[in-house]
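*Asks:* The primary structure of each chain is shown beneath.
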Amino acid sequence: MIPLYAEWFVWALPFIAIPFTLGLSQWPKARDWFAAAITGIAFLLAIDLVLEVQSGHTITSSISWLSAYGFTVTVHVDGLAAFLAAVVNSLGFLIVVYSQGYMGHETGLPRYYSLVLLFIGAMTGLVLAGNFLQLYIFWEIVGICSAFLIAFWYDRPEAVRAGLKAFIVTRVGDAALLIGLVWLYVTTGSVDFQKLGTMASQGFIPASILTATGILILVGAMGKSAQVPLHVWLPDAMEGPTTVSALIHAATMVNAGVYLVARTYPIFSSSQTWLSAVGWVGIISALLAASIATVTMDIKRVLAYSTISQLGLMFAALGTGTQGGWFASQFHLMSQGFFKALGFLAAGSIIHVLGTRNMDDMGGLRKRMPITFIAFLFSALALAGIPPFVGFWSKDLIISELSLANLNLQVVLVLIVSMLTSFYMFRALFKVFFGPESKMAQEKNIHESPKVMTAPLLILSASVLVLGFTEGAAANLLGLAENLAFALPILGASIVAILVGLTPSYLAFYLHKPNPQAFVEQHPGLRGLRKAMLAGYGFDALYLSVFANSIAKISSAVRRIQTGILAKNLWPMLAVLVILVLWVVLNL
Amino acid sequence: MSDWITLFTSFAPGFFGAFAILILDLVFKNRTKHRSAISGVIALASFALIAISNWGQASVVLATGKPIVIGLEPSLLATTFTITELGVYISSIALLLSILISIYSIAYLSKEGSTALFQSLILLLYLSIYAVTVSGDLLTFFIGWEGMSVAAYGLVAFYKHSWEAIEATVKYLIMSGIGSLTALYGIALVYGLTGTLNIENFVKGFATVTPIGTLAMILIFIGFGVEAAVAPLHMWLPDAHPAAPSPMSALLSGIIIEVGSFAFIRLLGGILTLPSYVALAQPILAVAAVATMFVGNLSALQQDDLKRLLAYSSIAQIGYILLGIATLTPAGFSASIFHIWNHALLKGMLFLLAGIVTFQIGTRSLTEMAGLGRKSPVLAALFGLSALAMTGVPPFGLFWSEFLIILSNLAVGSIILDAAVVLMLLNLLISIAYYFRVIRVVAFAKPSSALNGNGTVRIPKLLLVPCVVLIALSLITGLYPNMFYQPAANAIKSILAGFSW
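Going down the list, the sequences are from chains D and Y.
Note that this note's numbering numbers the first sequence so that position 247 is 247, with each residue one more than the last.
Note that this note's numbering numbers the second sequence so that position 439 is 1027, with each residue one more than the last.
Any given hint could be a false lead.
[Claimed, not checked] Calculated cross-link-like contacts (lysine to any residue; reagent style SDA-like; alpha-carbon spacing at most 25 angstroms):
id, chain 1, residue 1, chain 2, residue 2
1, D, LYS29, D, LYS451
2, Y, LYS963, D, ARG111
3, D, LYS29, Y, PRO965
4, Y, LYS748, D, LEU566
5, Y, LYS1081, D, LEU66
Since the hints were derived computationally from the structure, they do not count as laboratory data.
Computed from a predicted structure; not experimentally measured.
Looking at chain D on its own, in the form it has when it is part of the complex (with noise of 0.2 angstroms):
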C-alpha cells in the first residue's frame, strides 16, 4: 500500500489549498466546491489515521526545528488525537458542505473559505502535535482564525467588537498557558508531551511546580474552552455567520481546551489541587451558563450558553482524575460537537429564511421547515440527554464516573445543570417550532432551505442518533482499560433531573399557563434573578470598568508626558542620570 503520510497531510493539506482557493476567485463555485472538497479529503485522511491506531500502536514522526532550544516539529498520534482529528474534520466537512448553501450570497468569500480552511487545518495540527511548542502556536493560529471568521461581517461594528473581544479574552489565557509552558520547559529542558508524563510520573519535576504550571496551562484552556470567568467572549461571538458559530462552538476552537487538559492528563494529574481546579472550573461554569441560557431570547446565544454549560461538564469529568472521567470528557466532546454542530446549523437554517435570531419572532415553524424542525428537535433531545440520543450516553457516563469518584457533591450540581439543560432547550424548541405560526414567518411565506443545507442537517440527524451506540469503539480506540462506569440509580436520577426541568418549560412555553412573562413579574426574586441573568452576572460590565476603562485613561495620562517641549524632554535625561548613580552608591 502507498503511504499516505496522513500524520502530516490531514493538517497540511487545508494549508496548501489556501492559495489555490485564493487562485480560483475567479470561478466562484469552483473555489466553493474545491474547498469543500479538501475538507472531505482531510476528513478521509482522519480516518484513516483513526484505522491505523485503533490497535493501540501510536504514529510518532518528527523533524528538527530550533536546534539551540532543542525543539521539533513532532506529530504524534494516539488514540486521542486520532479520535479528536476524526470529530474535527468530520464536522468541519459537514459545516464546509452547509455552508456552500447558507454563505452562498455573500461576498468576500476567499477570505471566508482561506480562512476556514486555516481553521480547521489549525486545529488539526493542534491535536497531533507532539509537544507543547506547536501545540501552543497552532493554538495561536485558530484564535487568529475564530477572531476575523466572528468578525466576517466587518460593516457591524458589533461583529468587529466581538471578534477583537475573542482574541483579546483569550489571549489572556494564552499569556498564562506560555508562561506555564516556558515554565515547565525551563524545568525539565523539555516540551514533549510524552517525556514530560514520563518525568511526571517518576517524580522528576518537583509537585509545588507541577500544581503551579499545571494550574497556568488550565487557565489557558479556560480561555478557549470558554470557562468562567474567561466566558465572555463566547456569546458575543455569535456575532459571525452561523456557519462560524457551528464551527467554533462543534468542530475546533472550544475542545482546544479540554483537549489540552486531556492531553496534560498523564503529567499534571497527580496534583489532587489541580484536579479539584479543574473540576469545579467546570462546575461552576456549567452552572453558571446553564442558568444563563433559560432566559435569553437570541436562539443563537442560548447555544453558545448550552456550549459553555456542556463544555464545563467535560472540564467535570476530568476533575475526576480517573481514566474513566477522562474518556468521559472526551466522549462528551465528541457528542457536544456533533450535537451542537446540528444545534447550530438548525438554527442557521431558521435564521437563514427568517433573517432574525430573535425567538419571539419564530414560533410555528414546525410545518413549514420539517427537516430543520426535526434536526433542532433532535439536537435538542440529544442536549437534554434522552435516551437512545448520543448525548444520554456521554452524559450519563459522566455522572456515573463522577459517583464512581465518590464526588456526590459534583453530581448533585451536575443533575441541577441536567435539568436546567432540559428546561431551557425544550423553551427553546416551544418557542421556534410549536404554538401560532409568527407574523414575520407568514409574512415572508417561508420555506425550508435548499438540500446543501438540509442534507448535513440529516446526516447530523442520523449520527446524534447512532453515534451514542459507539462508545465501546470509542473506548477501545482511546485504550480504556478499565470497565465504563453504568450505575441504574444514576440513569434514574439523571431521567428524573431532565422531567424536572421538561415539566415546567412545556406549562410555561407550551401550554402557556402559566404566562412566563407574567409569572416572572410577579414574583420578585425571580425578576431581579432575571435581569442578572441577562445581564451575565455582570463580567462584561466588570471587565469594561476594571481594565478597559482604566487602560483608555492611564493611556491619556502617559500621552501627556510626551510634550514636545524641549526643554522638559531633557530634564528626564538628568533625572535617570541621578537615579542610576545613587542606585549604584547605596548598592556599592
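Once you have looked at the hints, place chain Y on chain D.
*Replies:* Same frame as chain D, now just chain Y:
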C-alpha cells in the same frame, strides 16, 4: 595588506557611489523623467558591490569562527576594525533594509524631482552603521555612531520646507547630540581607567566593581540610550520618525534605534555578564525595559497618526529588546538580536506601507485613510498580515523572538525578571488593541469621505515589491526559525568568548 583591501572594498563603493550620485544628478539635471531612476540605479549598484564585499567577509568570519581584526600599530590610540559575526549579522539587516528602501524610494520620491540627496544619504547612513558594527575600539565606534546620526539628521530634515521636519530635526539633533557627548565622557573615563580603547581589552579594567567604572558605564548607557530610545530618553523619537519621509522612517525605526541596543551588548555585554555586576545591572535594565514598553504601547493606543503610532510601537519594541538584554545571559542576548531582525522586517514594512498611503492619498491620519483597503485588496492584505505579525502571533518570525525573550527571562529565575515577563505579556495585549485598530480601519472600514469617488487605487510595483519581500522573509523566519536564530546565537557566543579575562 589584504586587510586594507578588505576595508577598502567595504567602504569605497559606498563613498564613491554617494559622490557619483550627486555629480551625475547635476549632469542629468534636465532629464527630469530619469533623474530619480539614475540615482537609484547607482545606489543599487553600490549596494551590490558592498553586498559582495560583505559576503566575502562574512564567509571568512563564519568559516574560521574568528573575527577579522584590522588595525594600525597597537601603540596607537585607535582605528581598529574587528569584523565579528555579530557585526555581520546587524550590518546585514541594515544592508537588506537599505537596498529595499533604495528600490522603494525610486518610485516614492519621484515626485520630488531629485532623489540624489536621499539616495546618497542612505549610502552614507549604511556605511556609518557598518562602521559601528565592525569597529574594534571605542573611538571608531563613536565616529561611526556620529556619522550615523549626521546622516539621520539629514534624512529627517529631508522635507526642508516643512516646519514639522525642521522642528523634529532640531529636537533630534540637540537630544542626540547631548547623548553623544554623555557617551563620549563615558568613553573618556574608560580610557582613563584602563588605558585602552580596544573593546576586547578594556573590559579587563572592569574585573572588579569600581566607582569610576560604574559611572563610565552609566554614562555610556544613558548616552547611547538616547539614540536607542530607552524611556524616558525617547522624547525626540515620536517627532522625528513620523516627520521623515516614510522610507527613511523605515530605516530609523527598523535599524538605527536597534543599533543602540547592539551597542549595549557589544560594549557593556562582556562586563555586565560578570557575576559581580549582574545584581547591580539587572534591576536597572529590567525597569528601563518595562518603562519603555509601557510608554510606547500606552502612547500608541490612542494615536490617530499612523506613523506616530508606529513610532511609539517601535519604542515598545525597544523595551522588549532591552528585556532580553536584562537577562544578562547569552540566551537573552541572542533573543534580543533575533528580535532586532524580526522587528526590522515588520516595522520596516509597516512604514513602507504607511508611505504607500501617503503616496496615494496624502494623509497619515487613520480616520482619513479608512477604507483604503476596499480600493486596493493587495494593500489591505499586506497591512493586515504585517500588523497581525507585529502583535507577535505565529507563524511569523516576531513570535519566535518574543517567545525566546520570555523564555530566556524566566530561565534566569529572578523575581524581578519574572514580574517583567508578566508585564511584557500585558503589553503584548495592549499592542493587539491598536494593531487591530489599524487592520480594521485600513483593511475593513467603510471608506472615509476623503476617499469617496476616486475608483480603484493602482499602486506602483516598485512600492509593493519591497513589502512583499519583507513579509515573505518574516514568514520564512517563522517557519524555519533556526536559519536566522542560530547565526544570532553563534554571534553572541563568539562575542562573549572574545573578551579575554
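*Asks:* Broken hints, numbered, in rising order?
*Replies:* Going through the list in order, the structure violates no hint and respects every one.
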